[in-house]
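Trainee: As they're listed, the protein sequences go chains R and H.
1 is the number of the first residue of the first sequence in my numbering; add one for each residue after it.
1001 is the number of the first residue of the second sequence in my numbering; add one for each residue after it.
These are computed hints drawn from the structure, not numbers from a lab.
Bear in mind that the values here come from a model prediction, so they are computed numbers and not experimental data.
From the three backbone atoms N, C-alpha and C, an ideal C-beta is built for every residue, glycine too.
Keep in mind that a hint or two might mislead.
As the list claims (entries may be wrong) - Simulated crosslink set (DSSO-like; lysine-lysine; CA at most 27 angstroms straight-line):
no., chain 1, residue 1, chain 2, residue 2
1, H, K1423, H, K1442
2, R, K151, H, K1423
3, H, K1405, R, K151
4, H, K1435, R, K122
Claimed, not checked - Where chain H lies over chain R, by a calculated footprint (3+ residues, C-beta under 8 angstroms):
no., stretch
5, 48-55
6, 65-73
7, 84-90
8, 96-106
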Amino acid sequence: MLEIKNLHARVEDKEILRGIDLSVKAGETHAIMGPNGSGKSTLASVIAGKSGYEVTSGSVELNGLDLLEMEPAERAAAGVFLAFQYPVEIPGVTNTYFLRAALNNIRRSRGEHELSMSDFMKHIKSKVLLMDMENSLLSRSVNEGFSGGEKKRNEIFQMAVLEPSLAVLDETDSGLDIDALKVVANGVNALRSPDRAIVVVTHYQRLLNYIVPDYVHILMDGRIVKSGGKELAFELEEKGYGFVEEELASKA
Amino acid sequence: MIDLKSTPHSLIENFSLMKGLLSTYGPDSFQVLREQAFRSFSEFGLPTTKDEEFKYLSLKALEDGRFAPAYGATIDRYQVEQTAVGQVDAITVTFVNGEYAPELSSAHLLPKGVFIGSIRDGLAAHEGSIVRHLGEIATLKGKLGTTNDERFVYLNTAYLTDGAFVYLPKGVSLELPVHILYLTSADHGPLVSFPRTLIVLEENSDAKVLETYLGIEGVYFTNAVTEVFLGESAILEHTRFQDEQIESVHIGVNAVHQGADSIYTSNNVTFGARIARNDVNVWLDGEHTETWLNGASVGFGHQAIDNHTRIDHAKPNCNSFEVYKTILGDHALGVFNGKIFVYEDAQKTDAKQTNKAILLSPTATINTKPQLEIFADDVKCTHGATIGQLREESLFYLQSRGIPKPEAQGLLVYAFAAEVLEKITIPTVRDILEKALFEKLKESQKLPDQDGE
Ligand SMILES: Nc1ncnc2c1ncn2[C@@H]1O[C@H](COP(=O)(O)OP(=O)(O)O)[C@@H](O)[C@H]1O
Ligand SMILES: [Mg+2]
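Between the sequences and the hints, there should be enough to build the whole structure, so can you do that?
Mentor: This is how it looks when you write it as structure tokens:
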């Protein structure tokens, strides 16, 4: 599904990603953990196509398509979804209008017919239910006046509506209380399927109790320095990132 | 030799033709107002770009145009229903080319003592109130400012004939909104009309008014004056929607007098004309008032849209909040001038002014001037102006959800102005204006379909 090879990326003249290799197969869930500033959001942004990052070498492919050659909207149409660490407020655009424009664009570029208003409403109302939200949210402006937790929940709601094949969740757990965390995890788990993949970016293990990963990768200083199964997340939680650093130092 | 100066333009010439007819309308005091106003207007003439208050707005079109006095035109109910505001559920008072059109107005059972109709009909029961307020609210006499310019109030008053009158006695709350609709159809050549509106809300009364200026066809000049009187604790939400024919000129003055504890909200939505100028002047004449001035203007082609606002904080403890937004494309010109006067007495004034513009093309321009003149020492006054492009983060957010860049830009441009429309609390009016905004932007902005919402 997702193949990242030797990815190097910089912002202005600062190299942030320094050779990332990551292979995520359909049906898998991967967690990327790492301390603040290690480059997690940068990786997520490069996958989604945010401007301002210069890829100096390497490749990112989704089902054989070269993502780096595509506009952000084309990536979304190809099945990429990024749940933002800091979702943006868009006063003046209602959630309904926004999601309808998004979904219809994605469907159109896939050669599918647009949903009628009533089919669309049925579709999003079932997702409102899934995410335990209020219907009134639909007529509110995108993220406007939402609390941090509400914004995160809204990201997963959007994901549920758009049904991407690759979801990258950037620190979706931060700012959530335990109940909200369960709802969010539930929304993510509902999307899991043999033909989809999920990448969970976080620096705490907590979310991984609810979204159980198949693989865990540790990102430090722009590189994946260690990979393992879900037990790696527990080890990290217990010993902190220090243990990885020590391990690396002893190898060197 | 021909002295160009001595060749009067049509706005002056018309007066001698109209004088006799005008004098048959209204009480004697109207005749006095007209004569005085005409003298003042003739003395100063039309403003030019040498005049501070019209620095960026060329009015040559008024100087050169031959505008005949307006006379009625026939517009039927179906045509009105087809307009952007045709479906508003309200107590409607309609004027066509400045003339009251009862057949396009709606009769409603009104609470006791309420009057909503034409000034002419209102005189029967409310002459006292009309004479007391008309002309008194719009004047800048005795107010601060070294460049005060009342010429378009004079001009309107010189030709004072009919207009809309809304009167709410003490303590009355209107359930339905009021819609004052001025339609212009210049199907027999250029004309000029002088709509005049007077809204009087006595103590503790409460209303929502939509005032619309719509062009049906032709080239014309609309010179409108609206006066609003709010008694103590009165509340008015006043939405003004202006969408004239593209070759026309619209110059409107909206003057407001706020009594103590009153709340006034102005939502000023301007899609313009060839030249559109709005003045909103608010005089705070009592303590603890609240004033909200919201503006959204959109112009394309060679449109010029000029918004001037002034708030006179003449008494202590009053709050005012102002947000004006402008979207300009092609070769459009925008002007924003926001004056806030804080008088010596007006301690504890809290005034906040923001104006923002988005320029969609390198040939669109905006001139922005916040003008705060503060003569009290214990006040909080802020202003901020931004002229900008769309925010990168917002754009990327929309794109990342599958919305292609041009469409995402359009959506954000729409949202920029729609945020102002969200202040309108009459749902049907808000919906209708959002739709009108959408239509206005749709072509240039590649907006995705909105049907069924
Ligand atoms: N737009 C940017 N401009 C400058 N520096 C940036 C930008 N984005 C990220 N960085 C820097 O890159 C590094 C990695 O940031 P980020 O990817 O956000 O890390 P993480 O998400 O792991 O906390 C940090 O040192 C950060 O300061
Ligand atoms: Mg981050």
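Trainee: Identify every previously stated hint that the structure contradicts and give their numbers, smallest first.
Mentor: Failing hints: none at all.
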